[in-house]
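Residue numbers (my numbering), protein chains in the order written: chain U, 1 to 212; chain F, 1001 to 1212.
These aren't lab readings, by the way, just hints derived from the structure by calculation.
The structure presented is a predicted model; accordingly, all values stated were derived computationally and were not measured.
Cβ coordinates follow ideal geometry from the N, Cα and C atoms, glycine included.
Mixed in with the good hints, there may be bad ones.
Unchecked claim - Subject to a maximum C-alpha distance of 30 angstroms in a straight line, what follows is the list of computed DSSO-like cross-link-like pairs (lysine-lysine): (1) U:K53 with F:K1053; (2) U:K53 with U:K120; (3) F:K1120 with U:K53; (4) F:K1053 with U:K120; (5) F:K1120 with F:K1053.
As the list claims (entries may be wrong) - Restraint ranges, calculated between C-beta atoms of paired labels, are given here: (6) U:Q182 with F:Q1062: 23 to 31 angstroms; (7) F:Q1070 with U:K120: 29 to 37 angstroms; (8) F:T1031 with U:G177: 26 to 34 angstroms; (9) F:A1074 with U:K120: 29 to 37 angstroms; (10) F:G1044 with U:D139: 53 to 61 angstroms; (11) F:V1152 with U:E146: 22 to 30 angstroms; (12) F:A1193 with U:A147: 21 to 29 angstroms; (13) U:G177 with F:R1048: 31 to 39 angstroms; (14) U:L32 with F:N1052: 21 to 29 angstroms.
Number of protein chains: 2
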Amino acid sequence: MPKQVDHVGRRRLIAEAVCRLADERGLEGVTLRDVAACAQVSMGAVQRCFRNKEEMLLFALQYVSERIAQRVQARLVRSPAQSAGTALGHAANEISLLGEEHRAEARVWLAFVAQAAVSKTLAGVLRRNYAALQQAFTDLVSQADEAAGCAVPLDPQREARALLALADGLTTHVLIGHLTSQEAYTVLDTHLARLWDQVTPPPPHTGEDSAR
Amino acid sequence: MPKQVDHVGRRRLIAEAVCRLADERGLEGVTLRDVAACAQVSMGAVQRCFRNKEEMLLFALQYVSERIAQRVQARLVRSPAQSAGTALGHAANEISLLGEEHRAEARVWLAFVAQAAVSKTLAGVLRRNYAALQQAFTDLVSQADEAAGCAVPLDPQREARALLALADGLTTHVLIGHLTSQEAYTVLDTHLARLWDQVTPPPPHTGEDSAR
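Build the full structure now, drawing on both the sequences and the hints.
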């Protein structure tokens, strides 16, 4: 009988090594060999899991995206009694990767986005992820808008686009050190609060920042 | 007498080659040799201009940043009679690199930002550029806010931060194909218009988009 290898586990191990390398030095010049060394597996083991670097990067991108999506979902489930506006605030804060403990994930995200701008395959995966996020945020805006009952309803799709773009822009500015996490959170919270004229209270940050 | 070489001109030529490569395939794995080939100069010529790859990337980043800053400035000068709100709209649209003809520049910007997230030297240059932009936008928001004369004045610094982050996030989303240019312009214009409750008319896009 051939030796049983836990392929799923090994692929995850390799994806985590890609993320560590992306965090430390970006995806610039990262080779299958570097990843094998970082994951402490043989070059052959990496090659049996992925045919080439692009296939490996694709898997790592999906791995990170799923982790973020699961976290957003968990955040929403944790407080089922919350209003749609509050849920939107929580989801936006979770997706924005502004906190210190998500800095590595944010670097990985940025490295992938930069690669996606010149790789059609990576761009395709990112686009599918963003389409799903866009739909989730559009639904949340729509529900919150209905609950707010304003005379002039918002355009949920446009607001969702703005929110995702603002979150990503802020993440980028924190990464390059233009803004502090706290400054970025304030911008995001103000944007959310203004959507329904302070109807939606921003999620609390004070004293909680070190844990995000 | 030693042969006179136009060093300034040659450095620019090389910076443009870096930008072409960044646009075609990102900065991933770009070598001094690739740049020499692309600029159609000898490897020695590149080495006489820049001691290493980082020095070359730094120069290219400054080169692109100055070009964008000059364009923003030119856009502001072109219509001196405009209100501060309109000037802000023009500057935000110019900085956001959303149009098809700025796609290459946007890719270069993103490649540099991704590198800056893991290079302290590049991050330092980007931070100085963003600080200058931040100041310019804060001043414009402040002037526009004064002119609008609202009961509750805006926080110009926070609004400038939001505007820059939104513009960069939208640029990223257009680059990966999540949004079309037109969708991104609509988000940006709506954000600007809302700042002073439609006091600031968004700059016109219809029929002009192909030229941006």
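Cross-check of the supplied hints:
1. In summary, the hint linking U:K53 to F:K1053 is supported, as the alpha carbons are separated by about 23 angstroms, within the 30 angstroms threshold.
2. Under the criterion of a C-alpha separation no larger than 30 angstroms, the hint pairing U:K53 with U:K120 is consistent with the structure, at around 14 angstroms.
3. With a C-alpha separation of about 27 angstroms, the suggested pair F:K1120 and U:K53 falls inside the 30 angstroms cut-off, and the hint holds.
4. The straight-line distance between the Cα atoms of F:K1053 and U:K120 is roughly 27 angstroms, inside the 30 angstroms bound, and the hint therefore holds.
5. For the suggested pair F:K1120 and F:K1053, the alpha carbons sit about 14 angstroms apart, so the restraint of at most 30 angstroms is met.
6. Here the CB-CB span from U:Q182 to F:Q1062 is close to 29 angstroms, well matched to the stated 23 to 31 angstroms.
7. Against the hinted window of 29 to 37 angstroms, the Cβ-Cβ separation of F:Q1070 and U:K120 comes to about 32 angstroms, which satisfies the hint.
8. Roughly 27 angstroms separates the CB atoms of F:T1031 and U:G177, a value that falls within the hinted 26 to 34 angstroms.
9. Separation of F:A1074 from U:K120 is about 34 angstroms and conforms to the stated range, judged on CB atoms against 29 to 37 angstroms.
10. F:G1044 and U:D139 have their C-beta atoms about 60 angstroms apart, which keeps the hinted 53 to 61 angstroms range intact.
11. The hint said 22 to 30 angstroms for the Cβ distance between F:V1152 and U:E146, and at roughly 27 angstroms that hint holds.
12. In this structure, F:A1193 and U:A147 meet the distance hint of 21 to 29 angstroms, their C-beta atoms being roughly 24 angstroms apart.
13. Remark: the range hint 31 to 39 angstroms for U:G177 to F:R1048 is upheld by a beta-carbon distance near 32 angstroms.
14. The hint said 21 to 29 angstroms for the Cβ distance between U:L32 and F:N1052, and at roughly 26 angstroms that hint holds.
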